[in-house]
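Here the protein sequences come in this chain order: U and B.
Residue 46 in this note's numbering is what sits at position 43 of the first sequence, and the numbering runs on without skipping anything.
Residue 983 in this note's numbering is what sits at position 169 of the second sequence, and the numbering runs on without skipping anything.
Derived from the structure by calculation, the hints contain no laboratory data.
Incorrect hints may appear among the rest.
Quick list of in silico lysine-lysine cross-link-like pairs, DSSO-like style, CA-CA up to 30 Å [said to hold, decoys possible]:
1. B:K900 / U:K5
2. B:K1096 / B:K1050
3. B:K1096 / B:K1042
4. U:K12 / B:K900
5. B:K1018 / B:K817
Residues from chain U that face chain B, not an exhaustive set, calculated with beta carbons under 10 Å [to be verified]:
6. L13
7. V89
8. F90
9. S95
Note that CB positions come from ideal geometry on N, CA and C, so glycine has one too.
Below are the chains, spelled out letter by letter.
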Amino acid sequence: MKQLWLTAKLDIVESLRARWFHIYTLVFGGIVALLFLFGLTESRVLGFIGLSRLLVTYIQLTMAILPIFVLITTVRSVAGDREAGVFEYLLSLPVSLSAWFWGKILGRYVVIFAPVFLAMLGAVLWALAVGIEVPWGMFGYYTALLAVMAACFLGIGMLISAVARGTDVAQGAAFFVWLTLLLFLDLILLGVMIQGRVAPELAVTIALANPLQVFRTAALALFDPQLIVLGPSAYVILDLFGVTGFKIFALVYPAVLGLAAATLGYHLFRRGDLP
Amino acid sequence: MIKFQNVAKTFRRARVLDGIDLEIGLGERVALIGSNGAGKTTLIRCLLGEYNHAGLVTIEGRSPRAERAAVLGMIGFVPQLPPPLKMPVGQLIDFAASLCNSDPQRIFDLARRLGLDVDGVVARQFVRLSGGMKQKLLIAIALGRDAQVLVLDEPAANLDPAARKIFFELLAERAAVATMLISSHRIDEVSTLVNRVIELDMGKVVLDDRVADDVALAGRLDCRIVVKRTEPAFAKAMASWHFTDHSGGGLEWSGAVAGPDRLRFMGMTSRYVALISDISLKEADAKVGVTEGNPRGTGGTAQ
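All chains should be modelled from the sequences, with the hints used to inform the complete structure.
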C-alpha cells in the first residue's frame, strides 16, 4: 500500500509540473469564466435557466474536450516516460508492478478530475455568492458523471499506453479511438446509419456501447428528453431504460468499461517488457 | 550470488542476447564491456527484471521478475542516461529512500561527499540539474542503502576528477560486501575498477577473464609534472584535476590522482607528451612509481 501511495504522489507531483496540466486547468477554468462572462446564467435556452444552463453547457463542452485531453496526455506521458528512460530507472527501484501501475492511475485520476470538478465547484460557489439558485441534484449528478468520464477515458488511455510502445503510435491510437467514438454519436454517423435502414437494434447497441453517447444522453435527457435534442437512438434508449435506469447505467457502464480497460492494460503491462 | 542460465532475448527478429551463461559471486567487480548493440543494456535490464526473456536470471536464488520488490531491494542501479524526472531533488530522494526502506539522510550525506551541494538543489527539478549533478545524485541514491548488488552503467562518465576520486572511495567501502557490475563500452574506463572482465558481442559472451586486482579502489597516486613552457590548455587541464601550480608560471604542477583513474589521467597527459619534460607518478602508500623523461632524476622506478 505504501508503494501505491508513493507512486500516486509521485505522479501527481510530476503532473502538476507538466505543461499539459497547466493548459488543461486553464481550459476548464477558462470555460467556466467565459460562461459567466457571456451571461449564460441570465439566459434561457431549451428550458434551462440560471446555473442549470451554465452547468449543462459546461458538461457538454467538457464531454467534447475531456476525453481527447485525457487520452492524449495519458498516452503521451506514459509512453513518453517509457521512451525517455523514466521507467528504466524508477522500475529498478523495489516497487511492485501492481503498485506502480495502479498508483500511476490513482495519481493521474486525481490530477485530471480535480480541475474539471473544481471549475464546476467554483461556478457553484460563485452562484451562491451572488444569489443564483443552485440545482444541487444536477450538480451532484454531473459531478458523478465527470468522475466516471475521467475514470473511463483514463482506463482506455492506460490500455493504449500498455499496448503501444512508442509515443507516436500511442498518440495515433488514442486519436483514432476518440474519433471513432465521436463519429458514432447519435447525431453523426449513427443518425446516417438509421437513415440508411440499419437495424434500429444495432444502432441502439452501438449507442449504448459508446461512452461518449452515454454521457451525452445522460447529461441532456434528464432535463429535456426530446427527439430533436437527443437524436433517435438515445430517444429509444431512454424510452427503454427510463430516466432513473439510464442515470444508473450512465454511471455504472463507463466506470466498468474504464476499469476493465485498465485491468487489461495492467495485465499486458505486467506480462510485457517494462521499459 | 547472480546467475544467468541460458538467457536469451529477442526483439522482433533480432536476437540481442544469445544463450548467456554466467555466475557472478559476492565481492566480484565485473566490467561488462562491448560495443554499442552488444547486449550490455539488455542484460542489465534482464537482471533488473525489466525484460521478459528465455532462460533464468536469479539473484540469491530469487527471480528479479517474480519477486521484484524483494530482489530489487538488494540492487543499487545507476543508469547511463539520467531519466528526465520533473520532480524536485528532495522528493526523488524521499521516494527512493521510502521504497528502499533507507534513511534519506544517508543519500544526502553521500551526495555531499561527492561534492553535490544537495541542500542548494533540494527544491530544484531533477531534470534541470547539470549532467554531473544528476550522476552524483543517482550514485548517492544507489549507494545510500544496503545494496548487495551494484549495477552501474557508465557511472563515472559525467563526473569530474575530484568526484571520481570520491566515487572510487565509496566503491572501495562497499567492495567486501557487494557485487558490482560496471558496464562500459570502453575497457580503459573501468579496467582499474574491476577484477573480472566480461565482454559481450552480438549477444554472446566472447571473453570472461579474471584480471589482476592490484589497483586499490581507494588508492591514490601522487603526481608531479614539469613542462617546458607555459601552455594555457595544459594549465586548464591540470586545474580540472585540481593540481597546484608550484612555479606560478604554469611550469611545475603537482597533485593527487585516484588510483583507478590513472589510465584516464595518463590518457590526458599523453596529449601533451611533447610539452612534458618530467613526470612522476607514485602510489601514495607504496614505494613503486612511474617516471617518463627524467632529466633531473626525480621519480622512482619505471613500472
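Item to check | Supplied contact hint for S95 (chain U), tested at 10 Å Cβ to chain B | outcome: holds (4 Å)
Item to check | Agreement of K1018 (chain B) and K817 (chain B) with the hint, judged by alpha carbon distance not exceeding 30 Å | outcome: Satisfied, since the Cα-Cα distance of roughly 15 Å is no more than 30 Å.
Checklist entry - Holds or violated: are the alpha carbons of K12 (chain U) and K900 (chain B) at most 30 Å from each other? => result holds (13 Å)
Checklist entry - Do the alpha carbons of K1096 (chain B) and K1050 (chain B) lie within 30 Å of each other, as the hint requires? => result holds (23 Å)
Next on the checklist: Next pair to validate is K900 (chain B) with K5 (chain U); report whether the Cα-Cα distance is within 30 Å.
Outcome noted: holds (21 Å)
Next on the checklist: Let's test the interface hint: is any C-beta of chain B closer than 10 Å to that of V89 (chain U)?
Outcome noted: holds (4 Å)
Next on the checklist: Hint check: K1096 (chain B) vs K1042 (chain B), CA-CA at most 30 Å. Holds or violated?
Outcome noted: It holds: about 21 Å lies between the C-alpha atoms, which stays within 30 Å.
Checklist entry - If you take the shortest Cβ to Cβ gap from F90 (chain U) to chain B, is it below 10 Å? => result Since chain B brings a Cβ to about 8 Å from F90 (chain U), closer than 10 Å, the hint holds.
Checklist entry - With 10 Å as the cut and Cβ atoms as the points, is L13 (chain U) at the interface with chain B? => result holds (6 Å)
Checked against the numbered hints listed earlier, the structure breaks none of them; every hint is satisfied.
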